[in-house]
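Go by the hints and put chains H and Y onto chain R.
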Amino acid sequence: MWPAALLAASAASAADQHLITLKASAMPSGQLAYEMVSHKVKSSTGKESDLTDRYASGPTIPGPTLVMKEGDVAEVTLQHGIADSALPVSIHVHGVHFKIDSDGTMKVLNGVADEAAFPDKPYTYKWTAAPGTAGTWAYHDHAFGNPMLGAEDKGLFGTLIINPASGKVPALIDGKIVDVDLADVKREFIIWMHETTFWGQELNHIIEGGKEIPLWTNPTVGARLGEKVRFHVMGIGTAFHTFHLHAHRWIEPGATAGVDTVNIGPISRTSFIVKAGEGVGPGDWHYHCHVIQHMQSGMMGDFRVIE
Amino acid sequence: MWPAALLAASAASAADQHLITLKASAMPSGQLAYEMVSHKVKSSTGKESDLTDRYASGPTIPGPTLVMKEGDVAEVTLQHGIADSALPVSIHVHGVHFKIDSDGTMKVLNGVADEAAFPDKPYTYKWTAAPGTAGTWAYHDHAFGNPMLGAEDKGLFGTLIINPASGKVPALIDGKIVDVDLADVKREFIIWMHETTFWGQELNHIIEGGKEIPLWTNPTVGARLGEKVRFHVMGIGTAFHTFHLHAHRWIEPGATAGVDTVNIGPISRTSFIVKAGEGVGPGDWHYHCHVIQHMQSGMMGDFRVIE
Amino acid sequence: MWPAALLAASAASAADQHLITLKASAMPSGQLAYEMVSHKVKSSTGKESDLTDRYASGPTIPGPTLVMKEGDVAEVTLQHGIADSALPVSIHVHGVHFKIDSDGTMKVLNGVADEAAFPDKPYTYKWTAAPGTAGTWAYHDHAFGNPMLGAEDKGLFGTLIINPASGKVPALIDGKIVDVDLADVKREFIIWMHETTFWGQELNHIIEGGKEIPLWTNPTVGARLGEKVRFHVMGIGTAFHTFHLHAHRWIEPGATAGVDTVNIGPISRTSFIVKAGEGVGPGDWHYHCHVIQHMQSGMMGDFRVIE
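Chains as they are written, first to last, in the UniProt record's numbering: chain R, 1 to 307; chain H, 1 to 307; chain Y, 1 to 307.
Calculated from the structure, these hints are not laboratory results. There is no bait here: all hints are sound.
Note that identical chains are pooled: a pair holds if it fits in a single copy or bridges any two copies.
No more than 27 Å apart at the CA atoms, straight line, and that leaves these computed lysine-lysine pairs for BS3-like: (1) Lys211 x Lys126; (2) Lys228 x Lys186; (3) Lys126 x Lys228; (4) Lys40 x Lys126.
Here chain R stands alone, though its shape is the one from the complex (with noise of 0.2 Å):
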């Protein structure tokens, strides 16, 4: 059922409404992961969609990544799965609008509520990507452990897309700064960085409907050559990074030059898009964090470019 606050926020525009249900889980490894329990959308002209099957089965890291565009209004339901624990977990989420009870956090730093589930007793939080709410942002626990601040460095964290109106994203592009239709970007990796380790998702936009498909830790990522791919790169825990990716060179919005390493601390973030061996043809390039040490201890990957 969809709910009457969601149904109003939405009524007068072009927003899609998201219902959206999570699980917070443990792993064998003993890691803390959410999984993707149930994602429905209802467009404004009333037409239901069940994007479920878009996400991986069971939890992963990082979490689902949740797509929506600026307008959009979310539900989002957490569950509490993690066995063998009593503790409250939550999810608090970067970049879009929320009323306080919304925060994520325990009532001790909020002041009104502990907005956590708990074992049989889920939250749910209510978001809206008001315009200016553009662009990639992590959700996380805010709650779990002791002191009760939150799990994120123990596997609970993910992605938020928030597509700007426009369905444009600049980008330096053959050479140029342009503006990149969305419509056009066929994959799109997530890739987060964590002490000396990278943790990736690819969603993949040519499958039919979309799919969320897990990378898990340093994975190889690829494309074929010349098309248009999306980078998402952001940090978690502790450590500060520099994200380098082999023969591609980005700019970050408004910047007039180009980059390719980039300064990476926790929640701190890079999102762009690149021509897929744009140059310089296929090959398995390299990415890595440039901090020698980080390298050194594994912290790198391959963006497979293929003909």
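Then chains H and Y, alone, in the frame of chain R:
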């Protein structure tokens, strides 16, 4: 008495002349800190005002927040008030113009003079907030200690705000990048990130004549819903941080996309205006360092937005 | 002899072709370093010039600073000159275009070849400074050592400057953001930040034909008052830094506000033009890392501005 050079410097413009006296002192905790002794201003029309009462009395960390605008000039005299020490102490300022004898360094570095206060021997610095120097800048000791490189990490640091001649600063308000009139900004929060602690201060422009309020460590800062408030966040010492404010987002000057978590190293900064509670309403909005070890060490506070 | 491919590549444009030979060597200190063997250039009109004499003789840290402009192509041959070692050594370059066999990595990473020099077996890389590659970039080893990830932190790093086809770079001069003609820049300072040490080099364009001058560690760099000088500051290794230059300020490309202290991680950089002593006059203007432990370890130098 107003120095002739100071009077001459601003004769042809609408610039203000600032005559400031600070003192470097030791606090009972053993930390060092600057305190305001006197701040007088003469406008281009010859009107004199005494701003001394706007400041907190006694030494504070961060030190007194000095506010000037592009075009202004200042003479800043430092008194040595550190009991039981004959070591020199100084002010090195960022951002503005000054001759080499106002650099605040020791002769071993600048080749000219020991530009520092000694017991019973104050030192005077001359600054010009020339066009192009608008921004939020640090001032700090560059002389005390052994070696004589400065005791900025012992508390001897403060903030210099140079407001642009235009009186306007770009900001992300109601989802759009607009120029905000600084006259509409009622509260400014100065937040320094030192190892695992925030040190705060408020400039309150609502109180008649304005008032600087020391907030000390990991403070709650507050605003009324919808007020435009300005944050100045800077690092000091050795650690790197990522500053995050819940449920609000902002832009860096020139950027075309919002952020809510920014890399902060020693003396690097983010300075931005937000509309308190924009789209999210009232609440105790958490701010914290997103480096999880720093956060778990207590590096956090609240931005309390009330109706 | 000029390779046919190189000639073909630039036939249609005003581009220069660069034929460069470098050698990786060991220094008596045990550090490794690149040295210039030969640098010849053929212009689009067929004029040949030999730039070899512009470079320092012998290995230097950082290695030879290579300067090209958008549109240029280069063949760079690396000789293995590290006595007592049969381990491969390579050049991986940032920013420009190159096919996967010019990546400078080992076959285990790129899947194609060991793109490195072995004793008595040089390796040749082909680079294209395509439109959009203007900027200051690193080149460094990506093969030496165990594991074969590169000895960039042992000294095998250098700088590649790609000047824009327009010949102009935005800068904050006399309080305004203007486009500076690179022909008006007489000195360029290359400053690398490695752990607690600066490694410097000067490109002096005043001397007939230009000259590269190695400056080694924590150097004094110098300019005449009012000269436009260009700084290229980059990190290498593991540490994060904040680069500060006293009494000067600059802009990042696209930014609308000045800075005087910038976060620098491994291979991230700031590249900027200032007018020496603008508004502040002559003096020994200190530059240093603002991470206080780095500064206290001696990570500092002077920018000496004379009349």
